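Chemist: Sequence:
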Amino acid sequence: MPSPFTNPIRSLSGRLALAVASAVAIALLLLTGLSTWREVERYAAAKREALRMTAQILAASAAQATAQGDEAAALSTLRAIAHGQALVYASVERADGEILAEQGIGLRLSDDIDLDRGSVSPLDLMTTRTLRVSVPILENARPIGRVVLVSDNRDLAERITEVGLTAVLAGLLALALGLAVSMGLQRSVTRPLAALARTMDGVRLGHDYSRRAEAGSGEVGALAESFNDLLRAVNERDRAIARYNAGLEEEIRLRTHDLIEAKQSADEANAAKSVFLATMSHEIRTPMNGMLVMAELLASADLPPRQRRYARVIARSGQSLLAIINDILDFAKVEAGRLEVERIPLSPRDVADTVVTLFAERAASAGLDLAAQIDADVPRTLLGDPVRLGQVLGNFVSNALKFTAAGHVLVRMAMEREASGPVLRIAVSDTGIGIPQDRLAGIFTAFTQADQSIARRFGGTGLGLSIAERLIAAMGGRVGVESRLGEGSTFWARIPVEGAESTEPMVRRAPAVPAAIRFGALGAATRAALSADLQAAGFCPVPSGNGHWILEASELRAGGRRPEGTGRVVALVPIGDDSGPGLIGAGLADAVLRRPLAQAEWRPLLAALAEGTPFAVEEPEANESPVALPSFADARVLLADDSAVNREVAAEALGRFGVRDIVCVEDGQAAVEAAAASRFDLVLMDGSMPRLDGFGAAAAIRAREARDGAERVPIVALTAHVVGDGAESWQSAGMDGLLAKPFTLAQLGALLARHLPAAIGDAPVEVVPPPMPETSEVMLLDEPTIANLEELGDRDFLERILRLYVAQAPQALLALDDALAQDDAPAAARAAHGLKSMSANIGAAQVKDRAGAIERAARDGNLASLADGASGLDDLLARTMSALHLRLGLRAESGPDETARGQGALERC
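Anchor point for the sequence shown: position 529 equals 529 in this note's numbering, and the numbering is continuous, going up by one each time.
Just so you know, not all the hints are guaranteed correct.
With beta-carbon atoms standing in for the labels, derived distance ranges [said to hold, decoys possible]: (1) 532 with 419: 24 to 30 Å; (2) 95 with 46: 27 to 33 Å; (3) 486 with 862: 34 to 40 Å; (4) 71 with 114: 53 to 59 Å; (5) 579 with 486: 36 to 42 Å; (6) 600 with 630: 27 to 33 Å; (7) 823 with 486: 47 to 53 Å; (8) 417 with 600: 25 to 31 Å.
Keep in mind that the hints were calculated from the coordinates and are not lab data. If you're wondering where the values come from, they're calculated on a predicted model, not measured in any experiment. Backbone N, C-alpha and C fix where the C-beta goes; we use that ideal spot for every residue, glycine too.
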């Protein structure tokens, strides 16, 4: 391969010579042009001045002849003066332009340049042959004619030629000097470069890195020195490689040791994460156990259709919450960023109904109007994940309610078309505080909020919108936000529509049905949703006159009569308000519609209104009758759980299956002793208990059965541990299954049917509807939890569970005080956790919150704030227990025998 430096001298010298010659030539051309231009300008100025002076002399001499009209005198003057100066023409003209006398060529050129114009282009001077000037002839300062002179410019070419010759001579001299300089550069630059090139070729061809280039001066010397440094670096690298190869085995051993340590650290971090997730799972799922069981029992009771729908919404929302919690906990088992969504048929209208119903009470308590508007072209069903879509929509609505102090929140679903195909646009608009424009770009970033003060004012971590963005992205869609500070925000999501079923049938107003419809004092969101559907059906909202009416039930009750001149009247009642039938019975309204609007109720009512047919009367559906649960009346069950409230919930759920022979114990050791002392058909064992946990107790029972040859009793783990070691320990402990908290009646029934002999099964047990609770506004208590307890059991059950709480809550508080006195953070966390758990299950809201805060501080090791957190907790507990007795209508005193019975380690549930 030829070297790129084969003939560097010829190449570089030729380039230098060409560069110098080119520079000189360009400079010569520029200099010649500029000099010529300036010379022509000077020539024009001098010519103008000479011709004007001659013309002024002629004008003065011919003034008298011009005034007298003496042509001979004027011509004589011209002949005497206008001679030389390269004049080709001269004339004397009267004031009217008539020529009095003229001298020279008789034909005037049309392209004479008039020097009287002032500035004359040098280019014009070089392209013409004659120049012209004129001056006026004055008599007593009065113009009586003019003198015109025309001269040629033959001498201009001579002057330009002279300038060009001068420039050429100067250029030749500069070229000679430039070439001389380039020759000197060649000797000082190219020769060292040639030597450097030869050295580089030698290194390249012979791989001899010991050679060195000759060092010189200047830049070329610096280049040679840099090349020598490179060769020295290569030599040093070769020596380092040789040394490294000599100790490679030791290096590999050290690196392997470091890798093992790093892997151990990563395993320890993963183990810590698993322990944290397992603990979080237990803490979340334990209170949900009572909530979901109570909701399912309520939904299966013999309730009016509307109340049954409310109960089903609670149960369905609880299941959605549980599914979301499970997905969050499963996140520890998969790679980061891996997110799976289902593709099953879902109804967008059902998703919207569930979300607005779920947030109805929250919106009402905040004085906000919440409604959903579903366009008619939205498909009946499409493929997607209903839980994930409901989670995203719920997050948007929750966010809107959180940051809206007054006004409304409107959910809207509409179809749009993009280049990739049809998409469903879900938007949630509010009239809240809005978001600054500079914060919009990062609003979907995890742990980001519009302002750092947001978390202090409204709470939250800023994680919900980030989760929503990832969920929509997993569905193949995208999210966005539009907002104006102080006016509100609109969060939207667009998801592709696949597997869409036909849209809902269009509702059209019959010709005989009046089109006018009037609204009462409705919220803006509700009015917008109603107006859109009514106008699509052919109705026309009007501000006055006769027509149908849609107004709040409170307006009807306040007026005490139907609006005058009305057609049909539809009353809107808040969810949970049972005054609707009374309005219909009193003739004030023809139909009742709950608010927030549920499409399942609104669409049939709109169809009846448009067609003029009678409104549907709510009748219990045949398949909505109370479900008969299987009975296991002869079964004997051992229930082990350290929480008295959890024991009561599980015992009541077992009672729905006819199980009455239930023995309850508080720890694993007591469970082992009870299993040894008596025979049971089934053991339900909590995982986390004092003295001996449920897994150790199960292993002990299995060991005793193997030692004594006893019959194997089914043992099922009843625990909130679904991740971590607790989720797998039941198998190694010899248990027969796992029932995760919170469980449903269906899951419990399937478990009983699987583990209890068929002969134990008995006739189905009819679910007896419990009495409807009365509402209470005691701020110390959580009314929904107390209402669920009333639905679950009778008065004896309420007395028993309250008696247990009254007995055990002070003990937990005493244990907490002892732990705080000894600065024992783990013991304080355990005591606070127990108080929190039992308070959550009985509805003691403030005690639960205070105990939860103490537990978190204790687990964080923040002992300084524990004393302040526990201050006044005993007084709060006393007031809570008094409020519970008052709310449940029970006696506030409990005898010593009852207290002792509530504290027993082994009891009949």
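Chemist: Confirm or reject each hint.
Modeler: Consistency of the hints with the structure:
| no. | hint | verdict |
| --- | --- | --- |
| 1 | 532 with 419: 24 to 30 Å | holds (27 Å) |
| 2 | 95 with 46: 27 to 33 Å | holds (30 Å) |
| 3 | 486 with 862: 34 to 40 Å | holds (38 Å) |
| 4 | 71 with 114: 53 to 59 Å | violated (26 Å) |
| 5 | 579 with 486: 36 to 42 Å | holds (37 Å) |
| 6 | 600 with 630: 27 to 33 Å | holds (31 Å) |
| 7 | 823 with 486: 47 to 53 Å | holds (49 Å) |
| 8 | 417 with 600: 25 to 31 Å | holds (28 Å) |
Of the numbered hints given earlier, the model fails hint 4 alone.
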